[in-house]
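K.L.:
Letter by letter, the chains look like this.
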Amino acid sequence: MTTTDVGAGTHVPAGGGAPVEVPSGPAAAETEGVTRGRLVLRRFLRNRLALAGLVTLVLLYAVSLLSPLFAPWAYNQYDYTAFLQPPSPSHWFGTSQIGEDVFAQTMRGLQKSLTIGLLTGLISIVIASLVGASAGYFGGWVDRGLMWVVDLLLVLPSFLIIAVISPALRGSSWIWFVLLLGVFAWMITARILRGMTLTLREREFVKAAKFMGAPSSLIIRRHILPNMASLMIIDVTITVGATILLETGLSYFGFGVQPPDVSLGTLIRAGSDAAVTTPWLFLFAGGLLVISVLAVNFIGDGLRDALDPNSRGGRRRQKSARKSASKTKKVATS
Amino acid sequence: MARFLVRRLFNYVALCLVATFLAFALAALTFDPIAKLQERNPPPPQSAIDAKRAELHLDEPIPARFVHWLGDAARGDFGQTVVNTSISDELPRRVGVSLRLFLLGTVVGIGLGVILGVASAIRQYKFSDYFATLFSFVILSTPVFLLGLLLKYGALQLNTAAGAQLLVFTGETSPGFQGSFGAALLDRIQHLVLPTLTIALGQIAYYSRYQRSAMLDVLGSDFLRTAQAKGLTRRKALFKHGLRTALVPMATLFAFGFGLLITGGTFTERIFGWYGMGDWLVYGIEQDDTNITATVTLFVAVLVLISGWLSDVFYALLDPRVRLR
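Heads up: the sequence lines are chains A and B, in that order.
Taking my numbering, the leading residue of the first sequence gets 1, the next gets one more, and so forth.
Taking my numbering, the leading residue of the second sequence gets 1, the next gets one more, and so forth.
Simulated from the structure, these hints should not be mistaken for lab results.
Don't take every hint at face value.
For the chain B half of the interface with chain A, some residues (derived, Cβ under 10 Å), not all of them [said to hold, decoys possible]:
#1 Leu22
#2 Ser141
#3 Leu197
#4 Leu232
#5 Thr233
#6 Ile271
If you want the footprint, here are the derived chain A segments under chain B, 3+ residues with CB under 8 Å [unchecked claim]:
#7 136-144
#8 225-238
None of the values given here were measured: they were computed from a predicted structure.
For every residue, glycine included, the Cβ atom is placed at its ideal position computed from N, Cα and C.
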């Protein structure tokens with residue numbers, strides 16, 4: 001999906017110098033005559049877990065979007081002949097206390113949770129790349145200010161901030177909630193990107209561009225950001241997974257998605273009151289939630305392996321070091 | 001080293017204050033405790049509403065309210081809740097409940113996480129390594145509240161199967177429990193197992209992944225081969241030289257991990273009916289209570305401060321290069 005960006009982004013930039021992710025040693029033979037995009041795609045497709053994750057995620061999203069076409073009940077229909085019934089041929093996931101079809105509800109919640117996760121991932125990476133690259137490139141007070149904000153987020157978990165702001169969201173659209181999630185999800189990514197920018201800034205091709213008189217905004221856009229593309233892609237998947245967990249958690253407490261909208265979190269909340277006697281009310285929503293996050297994590301892992309040449313074959317150790325750098329993010333966002 | 005630690009300490013204290021102010025300001029801006037009063041039927045007289053406004057200092061500017069609150073808090077008075085109970089009276093009990101959960105969860109989580117990580121690194125690509133990896137992946141993809149619910153569900157099945165109340169999943173002790181010390185301890189433990197497990201499982205999964213990577217980094221290193229070449233057994237080399245090096249990056253992680261723990265603790269307390277700080281935060285937000293929210297935030301910030309500072313200390317202890325700086 002995103003591989004074309006990488007291919008376009010990592011070609012040798014004007015001014016000479018090699019791209020950052022140069023495949024070295026045994027990888028060189030594989031790269032001959034192939035663009036980087038194709039190479040990454042090939043490696044990704046070879047990873048069975050990652051492929052399974054991608055297929056699962058796409059399938060889940062497609063089914064949740066298309067379910068009104070083939071499901072016997074709509075989410076706003078009530079079956080007055082079946083209250084609190086376990087799964088059956090007419091109600092695949094059972095029914096709720098007021099006769100709602102749990103399958104229709106779950107599909108609607110899944111769709112919302114996945115949409116929120118993906119949108120937040122996008123918002124977060126846009127902010128993170130802009131802020132991270134500028135902080136690393138300009139240094140000075142921009143840099144100090146940003147690092148301070150990141151430290152602040154460590155002390156103040158984003159769960160807490162969003163929960164405190166949530167009363168202001170009561171009765172407003174879920175889009176505002178997405179924006180809020182995005183606004184508090186970029187800090188750790190920005191810190192990692194800043195670190196990469198610090199090294200990139202000293203590279204010959206960046207210096208050359210600078211001495212030729214290219215303005216800072218152009219250098220960041222053309223030379224800095226494309227060279228961090230692989231890390232950004234990996235980080236988006238981590239953010240998406242972490243956001244889905246955060247969103248469902250907030251929604252579980254009523255601090256997230258507000259009724260009439262439903263998400264997997266609100267569904268699990270609704271089902272958890274009677275969790276021990278009517279498990280179908282929360283087990284399907286919970287199961288789908290775990291499966292989607294697992295799928296996102298597998299995709300992320302596969303992308304990391306595909307984008308990072310050092311991680312291949314017997315050289316797994318290098319991967320793990322990088323992994324810890326990019327995975328640190330998970331903590332603060334969840 | 002002392003200077004390094006003192007500087008870090010100052011940095012953390014400043015962050016704590018700013019974080020608390022931020023939470024206080026956000027809460028004061030978004031919460032509307034008067035709305036609840038006005039919705040009452042029959043509506044309270046205007047004088048009562050004005051009295052409440054004055055009592056909660058709602059008409060003063062937010063920074064002034066914060067300074068006022070912080071000044072009182074420094075003397076041990078965290079103010080009143082919206083329903084006029086003293087926060088300071090309730091605070092110690094709730095802090096005790098939360099700390100018991102957090103400390104046990106962290107100790108179990110870090111301990112087992114490090115062991116699991118080291119074990120799967122040493123047995124890389126064996127069945128147990130794959131199993132541990134899969135376990136971590138599934139746990140890390142499961143939100144804490146779902147994990148808690150599932151454990152609750154499992155405990156019920158277990159209790160039914162055993163025909164006895166082996167594990168209890170509401171509250172931190174049985175209400176009105178009377179009995180000898182031993183029986184009381186057993187009662188506590190029965191209540192403790194599930195919440196601690198809920199918190200610890202996530203931590204185990206999280207730390208074991210990093211410990212595995214860190215250990216793998218070390219396993220192929222030259223100094224480990226040197227240690228074995230000079231006559232140490234593999235076991236001794238691994239634990240004396242390998243593990244110590246592999247623990248260095250983990251020290252920074254422990255500080256990060258604490259944010260995860262606090263969020264998870266909130267869910268856990270709510271699900272298992274423990275009246276701790278996390279439960280209080282949710283209650284405070286639901287009740288539009290600025291003082292409770294600020295108090296819990298301060299508690300969280302202080303915990304993160306302590307864990308962050310401790311991880312700096314560990315870092316300095318484990319890595320001589322930091323000490324020399």
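K.L.:
Decide, hint by hint, whether the structure agrees.
P.N.:
Comparing the hints with the structure gives:
1. Leu22: holds, 6 Å
2. Ser141: Holds, about 4 Å.
3. Leu197: violated, 17 Å
4. Leu232: violated, 22 Å
5. Thr233: violated, 23 Å
6. Ile271: It holds, given that the least Cβ distance between B:Ile271 and chain A is near 8 Å, below 10 Å.
7. 136-144: violated (count 0)
8. 225-238: It is violated, with 0 qualifying residues against the three required.
Hint violations for this structure: numbers 3, 4, 5, 7 and 8, all remaining hints satisfied.
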